[in-house]
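If you want the building blocks of each chain, they are given just below.
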Amino acid sequence: MSHALSGYLRADGRKGIRNVVAVAYLVECAHHVARAIVTRSDDTEVHLIGFPGCYPNAYALKVMQAITTHPNVGGVLLVSLGCESFNREQLRATIEASGRPVETLVIQENGGTASTIAKGLEAVARLRTVAGQTPRAPMAISELVIGTICGGSDGTSGITANPAVGRVFDRLGAAGAACVFEETGELVGCETIMASRAITPELGLELERSVQKAEAYYTVMGYGSFAPGNAEGGLTTQEEKSMGAYSKSGSAPIVGILKPGDLPPSGGLYLLDVVPDGEVRFGFPNISDNAEIVELIACGAHITLFTTGRGSVVGSAISPVIKICANPETYRKLSGDMDVDAGRIMEGRGTLDEVGAEIHDLVLAVAGGQRTVSEALGHQEFILTYKAFDPIGPACLPLRRAS
Amino acid sequence: MSAILLHPDDNVLVLSAPVHAGQAVTIDGQAVTVISDVAVGHKLARHALAVGDKVLKYGAPIGSITAPVAAGGHVHLHNMRSDYIASHTRQATGAKGS
Chain A
0 MSHALSGYLR ADGRKGIRNV VAVAYLVECA HHVARAIVTR SDDTEVHLIG
50 FPGCYPNAYA LKVMQAITTH PNVGGVLLVS LGCESFNREQ LRATIEASGR
100 PVETLVIQEN GGTASTIAKG LEAVARLRTV AGQTPRAPMA ISELVIGTIC
150 GGSDGTSGIT ANPAVGRVFD RLGAAGAACV FEETGELVGC ETIMASRAIT
200 PELGLELERS VQKAEAYYTV MGYGSFAPGN AEGGLTTQEE KSMGAYSKSG
250 SAPIVGILKP GDLPPSGGLY LLDVVPDGEV RFGFPNISDN AEIVELIACG
300 AHITLFTTGR GSVVGSAISP VIKICANPET YRKLSGDMDV DAGRIMEGRG
350 TLDEVGAEIH DLVLAVAGGQ RTVSEALGHQ EFILTYKAFD PIGPACLPLR
400 RAS
Chain B
0 MSAILLHPDD NVLVLSAPVH AGQAVTIDGQ AVTVISDVAV GHKLARHALA
50 VGDKVLKYGA PIGSITAPVA AGGHVHLHNM RSDYIASHTR QATGAKGS
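Same order as they appear, the protein sequences are chains A and B.
In this text, residue positions in the first sequence follow numbering that gives the first Met the number 0: the first is 0, and each later residue adds one.
In this text, residue positions in the second sequence follow numbering that gives the first Met the number 0: the first is 0, and each later residue adds one.
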């Protein structure tokens, strides 16, 4: 391949396309201190992440472990109030075992707010120095993990941006990259079609079950994964939105199901099951788009392809977000927030293949260090809430089982 | 009129440019007058639809008709519903007090 990527080589052999120092608050009570450290660091490579809850949650710990050992992360500062439940010792041990530098500041043991912020700034400087010594190594497309999400969908999303991303997924997946699509609640109505693409009948059954779980969960919650703006943009029903969202997955066979924090064991196309298992607890599966992006990153996503019709402006901490605008009228209003004008397909100024090729080339450029629009604007959203999952079943990863 | 037929089996078209009330359009060779303003991304009936008909888009059912629709009529929340989970609007959300 002529695309010579160069990644940050981590001790576990994975490679990153960014070299971020993550400052993580471990309860809302430590959020201000962590944020002040990030803000005063005034460094685009220092990102704020965290979990607000004081009660323990295995899912939150798993996601925080996955994010802090993501290949885009070169070092971590943990900021704890001191009395919260979050298992900071285990998180720290996981980060240390990954070969990354990590420091912990407990506010109650460091003289309070002002003193902890001052110590945090010194810690970030140390972590940046160590992270800066990370070796670079050639990186193949097959080492990339790419996620996709749609947000603010409308009647154009399923015609322009989503199928264009589907073409990108087909091409990157064929080159050996792991491609992850998600939001089983936005696949309600597509379960049978989707199941027919599974590489084994058992996986097909699991795919159908994951959507049935989502339908049951959202039915209890009283609302589908459907916002008023979706209807204003011409989408009428959940299953209509689903058919459009589903086209992001392209046409390749589906090789497995992941849950948040699971890493794809090979290249190919995966469904990320984001709806909790068991009885309905803790509220909506993902309270907004960024919660889904965090879960994609927890599955190793180096880049997220975000399609939008109504016009989302978000980015993310840790991994860049490429925003692909489906609606030509939205693009004219929000062009300063968009990386790709897929709405031109609606107006006959481009084809799905052309826009797909543009997104594909942009993925490689961003993997090579080019800033996305949301990165350049400073978007670093991050949200993590309570959830409960059972581990994936043996039928979910047939390739790993076979190897 | 600029509209897209996504699949030959579909009974709705997706607008790629807005249409306006009173506008004369041609659907499958038939002259039709548009009844209301309809925005980009919204659906028009390809032919008359009756209560209980499945709405087909992308060649797949996306819900059922709840009130009769004439050819060229706007197909949306007022005349179709999900076969799975009900959709909601901002107004309905407010009325529910949640």
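Check each hint, because a few of them may be wrong.
Reference excerpt, derived from the structure (chain A facing chain B, CB under 7 Å, subset only) [to be verified]:
#1 T155
#2 T236
#3 I286
Heads up, incomplete: computed chain A residues facing chain B, CB under 8 Å, no partners named [unchecked claim]:
#4 S97
#5 D153
#6 G154
#7 V187
#8 Y222
#9 G223
#10 N326
#11 A356
Since the hints were made in silico from the structure, they are not lab data.
Where a beta carbon is used, it is the ideal one built from N, C-alpha and C, also for glycine.
Hint check results:
{"no.": "1", "hint": "T155", "result": "5 Å, holds"}
{"no.": "2", "hint": "T236", "result": "4 Å, holds"}
{"no.": "3", "hint": "I286", "result": "14 Å, violated"}
{"no.": "4", "hint": "S97", "result": "41 Å, violated"}
{"no.": "5", "hint": "D153", "result": "5 Å, holds"}
{"no.": "6", "hint": "G154", "result": "3 Å, holds"}
{"no.": "7", "hint": "V187", "result": "5 Å, holds"}
{"no.": "8", "hint": "Y222", "result": "6 Å, holds"}
{"no.": "9", "hint": "G223", "result": "4 Å, holds"}
{"no.": "10", "hint": "N326", "result": "7 Å, holds"}
{"no.": "11", "hint": "A356", "result": "21 Å, violated"}
This entry does not satisfy hints 3, 4 and 11, going by the numbered hints stated previously.
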